[in-house]
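Peer 1: Residue-level listing of the chains:
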Amino acid sequence: MTEHDITLTVNGAEHDLTVESRTLLVHALRDELGYTGTNVGCESSICGACTVRMDGEAVKSCTALAVQADGAEIRTVEDLGTRHDFHPIQEGFQEEHGLQCGYCTPGMMMTALDVLEENPDPTREEIREGLEGNLCRCTGYQNIVNAVQNAAEQMQPAAVADGGEADDDPTPATDGGEER
Amino acid sequence: MTVESVDPGDVDAADILGSAIERREDPALLTGNAEYTDDIQIDGMLHMAVVRSQYGHAELGDVDTSEAEAMDGVHGVYTYEDLTSDETPGAGSFALPTAWLLDSLKQVEHPVLASDRVRHQGDGIAVVVAEDRYTARDAAGAVDVEYERLDAVVHPSDAFAEDAEQIHDDAEGNVAFDWEIGDADKTADAFADASHTASIDLENQLLIANAMEPRAAVADYNPGTDELDVAMTTQNPHVHRLLMAGVIGHPEHKLSVRAPDVGGGFGSKIHHYADEALVAWCSMMHEAPVKWTATRSETYLTDAPGRGHETKAEIAMDDDGNIVGLRVDTKANMGAYLSTFAPAVPTYLYGTLLSGQYDIPAIYGHVKGAFTNVPPVDAYRGAGRPEASFLVERLVHLGAKEMGMDPVAFRRQNFVPDDAFPYETQVAVVYDSGEYEKPMDEALEMLDYENFREEQEQARNEGKYLGVGFSCYIEACGLAPSELAGQLGAQAGLWESSLVRMHPSGTVTAYCGTSGHGQGHGTTYAQIVANELGIPYDDVEVVEGDTDEIPQGMGTYGSRSAAVGGSSLVKSAQKVVEKGKQIAAHQLEADPDDIEFENGQYSVAGAPDRSLSMADVAGQAYLAHDIPDDMEPGLEETSFYDPDNFVFPFGTHAAIVEVDPDSGEIEIERYVAVDDVGNQINPKIVEGQIHGGIAQGVGQALYEGAEYDENATLLTGSMQDYAVPKAEHIPEMETESTVTPSPHNPLGVKGVGEAGTIAAPQAIVNAVADALEPFGVDHVDMPMDAESVWSAVQDNATADGGSDEPAAGTGDDPDAAADDGGER
Ligand code: FES
Ligand code: FES
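Line order of the protein sequences matches chains W and D.
With our numbering as the guide, the letters of the first sequence map in order to residues 591 to 770.
With our numbering as the guide, the letters of the second sequence map in order to residues 514 to 1337.
Bear in mind the hints are in silico, worked out from the structure with no lab data behind them.
Any given hint might turn out to be false.
[Claimed, not checked] Subject to a maximum C-alpha distance of 25 Å in a straight line, what follows is the list of computed SDA-like cross-link-like pairs (lysine to any residue):
hint	chain 1	residue 1	chain 2	residue 2
1	D	Lys1239	W	Glu707
2	D	Lys1239	W	Pro710
3	D	Lys1239	W	Glu722
4	D	Lys1239	W	Glu715
5	D	Lys1239	W	Glu743
6	D	Lys1239	W	Ala654
7	D	Lys1239	W	Asp711
8	D	Lys1239	W	Asp704
9	D	Lys1239	W	Met644
10	D	Lys977	W	Glu715
11	D	Lys951	D	Arg925
12	D	Lys1239	W	Glu647
13	D	Lys1239	W	Asn709
14	D	Lys1239	W	Thr713
15	D	Lys1239	W	Ser635
16	D	Lys1239	W	Arg714
17	D	Lys1239	W	Gly723
Construct the complete structure from the given sequences, taking the supplied hints into account.
Peer 2: Given below as structure tokens:
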């Protein structure tokens, strides 16, 4: 099996590692580098549990090869926020009970960030569409949609992109008049 | 209504029980700090992969492992012979036990690796242990298996056919069991005397749980101490430990089973599977940690599917529309072997709920279990109860139609009346408490039912087909008591154990033998214990899911955790309070009978200034300088709580759908759910459970189903082919609740985990049948995809003489639909 030396920047930290050609990005992250926050649900790009952000885009890390990610900037759930300083998306999921077993949640949140970056004030329908690549078996999705709306409210009008200090200015809700 | 969650800091201690506080387990899950089984890394860890049968049914010829063994990084390859040879560790049965025995049950051997024959696709043939997961899978692929294929059987009716291939030599006619409940003669008389009957012929399809986390296990054998630790995806670690001890032949006290964070179960992680025992055995064999994680494809091939019924049933009414009898004949798919609790599911968990919410004077149920070449079938969310509720609610829908009555009026007339509780059904259970009209009334109001009927009429005239469907479900949770379970065949007690341990500083660690996997027990149990002890919620830590820490336990399934586990915690906490009272009395120099305990304070009656807090008393209990003479120091108490009876949650769910008869497409316009799960410990968590349950019920109604070809090859073997609903597929759910406490446990709780899944399918199928009434369509089997709906419309159109337009006036004429013979 051919091996490759690659460099992955994960959550700002640079890692040099050697992988086989076929090593999936998700296994490189989890098994080689210990970023086990990202989960594997299907290894076939359907469930979205493994979603990470690669160079600012949500990707399913079970379908990307580690070698394809050589030189890329990866952001995983570990980089969002801590229990004492939640990112607004984490806050949204906590407040709205947007998770039960939590297995889909890291991938869900990474996709949700993508959705909010493209559309900071989505309708419930738009959120549902945006999450179509992420399966959740526990929540029935309704509270996840609430969670993403909640995060959107917290994040406006601060830029979503850096996902960082958005809660400095928690401008109150403009939830688009959708029914909860 | 959406329940708003609250911060625990904003809740008065006295209101902690019943508050919708945010879950304490979330921060770890939200920050990537959760530990699921596959996250576990241990130095020197090896990986296991399983060689699985490609075929549904075959004799095994030569299994050539030489190429796999020769591969770099492969540490061992084992077949059934290797497990049972003298060279290898363990002296177990290497066969999976069945833990629920029926009188007529044909117990068949279920070896952990096939010895001579494979009986379902995915049946294990050999295991590989290797350096890493890629190598293990490569090597598994390199094992060369010779098969001699046999005819396969998929459906129970085929299994029972005269010339059907025999799956087990000792189970003649592929009959796993033949079971009945109720009174056949009385029911036959009721039907003979009845003035109206309605019948149905249905399939309740096989479903695959699809917990987002695939099953996994990491075993770590320590040759120094002979201890074997297994972390695994389990809903019931103690039960797994007991069963595994026997399978691999390692003593129970030197085996520990731990559930780390578990990514959903829905029943599929209750049962003891071969892979778990094999990982443990491989760890002993190699004296090294070994991990196995299923791929999604493996979960499709080996996770126990649920449901799988073929049923003929009928309902009988008198002239006034009173239900006088109900008769059911079911062929239940058991799959290739009898999984852990499988025999209970289509029998005691199904037959005992055939009365639904109705006062039915004569019921008879007959169930025959069939061996087939699908994976062993067992509990999936609801387990038996969804099958019963579906059937009863479909029959009630058809009964109302037969009577020319509104389905609401028909149900109302036949409900068990409020003053009849406790109510003993004809199928051997006693309902604890219920007020069945309350949720029905609430649902009707939410739907604006009267108005809807007008709207529906109007829409029909415009060629738009709306329908409303009701589901007045009942479920039985918290199986109990142990003595009864034993009489019914359980090889286990159904109590729950807990330990409440006060620390000297006054904080508490509470241990419970249940094992949550997304239900938020850490939060709800802390609410229960804080409430009983009158101490701050934040001062209570909850521990579950580890046989090393928790004395004993039965686990989490069947919506038993709050009712049985929660009640056990109440008992343990009450014992703590009681012992504390003796200490307080001693220190306050008062008679224990004069000590009052309220809001965490012990005080002398009539002298409130003479008081000690719970924390003071805990400190004194451990100081032990000044406690009653004959008392042991310390303050911790254990209880084994055995409930008096099941609990019976109920409710009304209703769906409004629009069906396009030309395309067969179904749109759920509204979904309304009013549930009565007794007292609610945390309404936000209750709401979440209801949502999740409904989503799985919607999945069954519209999307999901495991399908096999005639060779028993799974056609829906990936998420590409098996439609787990996505966010866009699930409607906005409008939920409300009523509260009828259960008298059977100290919390007055019932159970909520399965309610939505039990209730939803028939609400939607009834709605579709209602919408398609003008076309004479009585029933569409699930999943109701566009093609099956379209075909149902077409078939009836053909039967009606070639037009797919509704016959004039059929909407008003209850007999019109009977013209098509009602058979599909
Ligand atoms: S694990 Fe990557 S999409 Fe499912
Ligand atoms: S929370 Fe369990 S899968 Fe989404």
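Peer 1: Now tell me, hint by hint, if it's right for this structure.
Peer 2: Verification of the supplied hints:
1. Between Lys1239(D) and Glu707(W), the direct Cα distance comes to roughly 21 Å. Compliance with the 25 Å bound is thereby established for this hinted pair.
2. Using a Cα cut-off of 25 Å, the hinted pair Lys1239(D) and Pro710(W) holds, with the two alpha carbons roughly 22 Å apart.
3. The straight-line distance between the Cα atoms of Lys1239(D) and Glu722(W) is roughly 6 Å, inside the 25 Å bound, and the hint therefore holds.
4. With a C-alpha separation of about 12 Å, the suggested pairing of Lys1239(D) with Glu715(W) holds against the 25 Å cut-off.
5. At most 25 Å may separate the alpha-carbon atoms for a hinted pair to count; Lys1239(D) and Glu743(W) meet this at roughly 24 Å.
6. Distance check on the hinted pair: Lys1239(D) and Ala654(W) sit about 22 Å apart at the alpha-carbon level, within 25 Å; holds.
7. Straight-line distance between C-alpha atoms of Lys1239(D) and Asp711(W) comes to about 21 Å, which keeps the hinted pair within the 25 Å bound.
8. A threshold of 25 Å between alpha carbons decides the hint, and for Lys1239(D) with Asp704(W) the separation of about 18 Å falls inside it, so the pair holds.
9. Restraint check for Lys1239(D) and Met644(W): the C-alpha separation of about 24 Å stays at or below 25 Å, so the hint holds.
10. Proposed proximity of Lys977(D) and Glu715(W) is supported: the alpha carbons are some 24 Å apart, at most 25 Å.
11. Of the supplied pair hints, the one linking Lys951(D) and Arg925(D) holds, its CA atoms being roughly 11 Å apart against a limit of 25 Å.
12. With a C-alpha separation of about 21 Å, the suggested pair Lys1239(D) and Glu647(W) falls inside the 25 Å cut-off, and the hint holds.
13. With a CA separation close to 20 Å, the supplied pair Lys1239(D) and Asn709(W) stays within the 25 Å bound.
14. Restraint check for Lys1239(D) and Thr713(W): the C-alpha separation of about 17 Å stays at or below 25 Å, so the hint holds.
15. The straight-line distance between the Cα atoms of Lys1239(D) and Ser635(W) is roughly 14 Å, inside the 25 Å bound, and the hint therefore holds.
16. Simply put, Lys1239(D) and Arg714(W) have alpha-carbon atoms about 14 Å apart, close enough for the 25 Å limit, and the pair holds.
17. A hinted pair counts as satisfied when its Cα atoms are at most 25 Å apart, and Lys1239(D) with Gly723(W) qualifies at roughly 8 Å.
Violated hints for the displayed structure: none, as all numbered hints are satisfied.
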